[in-house]
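Engineer: Now for the letters of each chain:
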Amino acid sequence: MELPFLIKDCTLIAIATGEEAHNLREFSDRLKTIHPGCIYYHFWGGMLRPSFDEPEYPNDFAAWAWRGLRDKRLAERLAIIDPSHYRVIEDLRQELIEVIEERLAESEWVPWARSGQRFKFIRSQIVVLDTGKRVSQPQEMAAQIAGLSSGSVFYHFIDARRRTESGRSDFAEWLQAEEAEEYSELVRQLNAIDPYFTTLSELRRELALVFQPYLVEGETS
Amino acid sequence: MTSILDGYAAIVGEAVIDHLRQLAAPLKGMRVVHVNSTREGGGVAEILSWLVPFKQELGLEVSWEVITGEAGFYQCTKSFHNGLQGSPVAIPPVLLRAYEQTNADNAERLRTVLEEADFVFIHDPQPAPLLRLCPNRKGKWIWRCHIDLSRPYRVVWKYLREFVAGYDASIWSLADFVQPLPHPLYLIAPSIDPLSQKNRELYPGEVEAIFDRYGLDPGLPLITQVSRFDRFKDPLGVIEAYRLVRTFTPVQLVLAGGGATDDPEGEEVLREVRAAAGDDPDIHILLLPPDAHREINALQRASTICLQKSIKEGFGLTVTEALWKGKAVIGGDTGGIRLQVINHHTGFLVSTPEGAALRIRYLLKNRRHLEAMGRKARALVLDNFLVTRHLREYLTLMFATMHAGTDRIEL
Numbered sequence: 001m002e003l004p005f006l007i008k009d010c011t012l013i014a015i016a017t018g019e020e021a022h023n024l025r026e027f028s029d030r031l032k033t034i035h036p037g038c039i040y041y042h043f044w045g046g047m048l049r050p051s052f053d054e055p056e057y058p059n060d061f062a063a064w065a066w067r068g069l070r071d072k073r074l075a076e077r078l079a080i081i082d083p084s085h086y087r088v089i090e091d092l093r094q095e096l097i098e099v100i101e102e103r104l105a106e107s108e109w110v111p112w113a114r115s116g117q118r119f120k121f122i123r124s125q126i127v128v129l130d131t132g133k134r135v136s137q138p139q140e141m142a143a144q145i146a147g148l149s150s151g152s153v154f155y156h157f158i159d160a161r162r163r164t165e166s167g168r169s170d171f172a173e174w175l176q177a178e179e180a181e182e183y184s185e186l187v188r189q190l191n192a193i194d195p196y197f198t199t200l201s202e203l204r205r206e207l208a209l210v211f212q213p214y215l216v217e218g219e220t221s
Numbered sequence: 001m002t003s004i005l006d007g008y009a010a011i012v013g014e015a016v017i018d019h020l021r022q023l024a025a026p027l028k029g030m031r032v033v034h035v036n037s038t039r040e041g042g043g044v045a046e047i048l049s050w051l052v053p054f055k056q057e058l059g060l061e062v063s064w065e066v067i068t069g070e071a072g073f074y075q076c077t078k079s080f081h082n083g084l085q086g087s088p089v090a091i092p093p094v095l096l097r098a099y100e101q102t103n104a105d106n107a108e109r110l111r112t113v114l115e116e117a118d119f120v121f122i123h124d125p126q127p128a129p130l131l132r133l134c135p136n137r138k139g140k141w142i143w144r145c146h147i148d149l150s151r152p153y154r155v156v157w158k159y160l161r162e163f164v165a166g167y168d169a170s171i172w173s174l175a176d177f178v179q180p181l182p183h184p185l186y187l188i189a190p191s192i193d194p195l196s197q198k199n200r201e202l203y204p205g206e207v208e209a210i211f212d213r214y215g216l217d218p219g220l221p222l223i224t225q226v227s228r229f230d231r232f233k234d235p236l237g238v239i240e241a242y243r244l245v246r247t248f249t250p251v252q253l254v255l256a257g258g259g260a261t262d263d264p265e266g267e268e269v270l271r272e273v274r275a276a277a278g279d280d281p282d283i284h285i286l287l288l289p290p291d292a293h294r295e296i297n298a299l300q301r302a303s304t305i306c307l308q309k310s311i312k313e314g315f316g317l318t319v320t321e322a323l324w325k326g327k328a329v330i331g332g333d334t335g336g337i338r339l340q341v342i343n344h345h346t347g348f349l350v351s352t353p354e355g356a357a358l359r360i361r362y363l364l365k366n367r368r369h370l371e372a373m374g375r376k377a378r379a380l381v382l383d384n385f386l387v388t389r390h391l392r393e394y395l396t397l398m399f400a401t402m403h404a405g406t407d408r409i410e411l
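Residue numbers (our numbering), protein chains in the order written: chain A, 1 to 221; chain B, 1 to 411.
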């Protein structure tokens, strides 16, 4: 490959905004004005936060609709929103507001959060560091991928979607830059991995599986 | 690789340590000062006792300063602590004057080192006024709040807010604890040190020896709560839960606590606890010295179930310690316990002595479930609540405060 792939790592630091919502009307109003980083954090930040099993709801908004408001219908509608389908964070914000306004319109009263269950809006800063590792061929990437940190997987597979022009992963961008026909299937498979409804360790496993055939080729060639 | 880092690498893996080295490299040589009000006892001192040498190993010039005062100062800061956690306390002006004067006296001693530092971390309200007393400071000043401020007694918070509003940033253990301030409010959960005397693996026989040392019956299930004798930890509720369990099944209880030098109320609570225990031979109240780390370690490892039935809790490091030793924890549904006790996975969240009793009985009856919970408990701490994660976030925060207003910082 002409350009090596620079393996980076990242870490997020969460920042409380001090904005909060006690009920669904407040929640909708806050959503209209909060820092766009909050939308990003509440959809994707959970991947780098303490968790145990896969969460019942994949984003914080849906989780609050259920745990805070006990509104299962709203929780389900918010849970199905897939942020990877939105190239612009403002479009994602608009979709959230639409879903909530629709729920408010069909409710006879404004749902209130249980005591101690206010929604707290959080955003984050991301610090990106160069690991110093360089990969020049997909075969090498196949050998490296299982050892990538969660931060590296997040940076190259999740965060890349808001950095790259194509809105895809750094892996796909790197391979496509070569315009080599032999990697088109690899790119297709990488793009087919659903980055949502999963965990970073599961994503790393899926990536390793996709690169696996190239590892074998590299070893046998 | 140096010995401290070797030790952590053996637990969390080389990759995690490499990551920390990379993060710390641009900060090498920076002068960092941590300030709190006690060198021993309590969660803050424990955090600093590993954080400081760890940062030093990574090449930062770190020091730990402790402010000291007379009885009036500690009475005042204990009242702050109670007030910030919601108790409507009245603090006499004479105590407030002692608080401000103590800080002024300590500022005289510490001013040079604080004003020269690149980063100053001030822990909790005790040393908060130091910022104003160091007008020629050149570094970033960060106030680290370890207390649950979700519903403070407003009079106390209004007074303290004046001292902390001027900091460059503050750090909170949970979003629920945050009070609005005119600077970035970072969220960093605390952690435990797996190499400390309190958490490291013990020699064969050390755990068993604890039964003899404290007159415990090795044949009876052991329920333990390790915490200060503090009303917010609800030791009386723990005794009530024990008595409810005892009606159905034989069990013994240990309430083990040490006194922190900045907690004058502990004696009074201890008297109440002793009175409630009466002459029950299976209730063991252990007042341990601040350095009884290995004893606490052994007690937690010897326990069948650990409790932390707090009514209010900051983060609850004793919960983390118990989970790390593979113990299911029955904890109060409050504060940072919620972040660690994942209901039905690493233990149970409860709101009453009756709830605690019910869950104790359930786990004593279902030993396989108890063991499975213990395994999950340790895994949760390994991934999320060890010092390595905590340090990573501190280093990240240092970059973040140096680039305030930027969402993305490329090193």
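Check each hint, because a few of them may be wrong.
Unchecked claim - Residues from chain B that face chain A, not an exhaustive set, calculated with beta carbons under 7 angstroms:
id	residue
1	Ile4
2	Leu5
3	Asp6
4	Ala10
5	Val12
6	Glu14
7	Pro92
8	Pro93
9	Pro180
10	Pro184
11	Tyr186
12	Arg392
13	Ile409
It should be emphasised that the hints constitute simulated quantities derived from the structure, not laboratory data. Just so you know, even glycine gets a beta-carbon here, dropped at the ideal spot from N, CA and C.
Engineer: Against each hint, give a clear statement of whether it holds in the structure.
Structural biologist: Checked hints:
A cut of 7 angstroms between beta carbons decides the hint on B/Ile4: the least distance to chain A is about 21 angstroms, and the hint is violated. Hint status for B/Leu5 relative to chain A: violated, with the closest Cβ pair at about 17 angstroms, above 7 angstroms. Residue-level restraint check for B/Asp6 is violated (minimum Cβ-Cβ distance to chain A is 19 angstroms; threshold 7 angstroms). Against a cut-off of 7 angstroms between C-beta atoms, the interface hint on B/Ala10 is violated, since the closest Cβ of chain A lies about 18 angstroms away.
Taking 7 angstroms as the C-beta cut-off, the interface hint given for B/Val12 is violated, the closest approach to chain A being about 11 angstroms. Interface restraint check for B/Glu14: the shortest CB-CB distance to chain A comes to about 10 angstroms, outside 7 angstroms, so the restraint is violated. The interface hint given for B/Pro92 is broken, as the beta carbon of that residue sits about 32 angstroms from the closest beta carbon of chain A, more than 7 angstroms. Of the supplied interface hints, the one on B/Pro93 is violated, with its beta-carbon coming no nearer than about 31 angstroms to a beta-carbon of chain A, more than 7 angstroms.
This hint holds: B/Pro180 has a C-beta 4 angstroms from the nearest C-beta of chain A, less than the 7 angstroms allowed. The beta carbon of B/Pro184 comes within 5 angstroms of a beta carbon in chain A, closer than 7 angstroms, and the hint placing it at the interface holds. Taken as an interface hint, B/Tyr186 checks out: its beta carbon lies about 6 angstroms from the nearest beta carbon of chain A, inside 7 angstroms. Restraint check, B/Arg392 versus chain A: the minimum CB separation of about 6 angstroms is within 7 angstroms; hint holds.
Look at B/Ile409: its Cβ gets to within about 5 angstroms of chain A, closer than 7 angstroms, so that hint holds up.
Checked against the numbered hints above, the structure breaks hints 1, 2, 3, 4, 5, 6, 7 and 8 and satisfies the rest.
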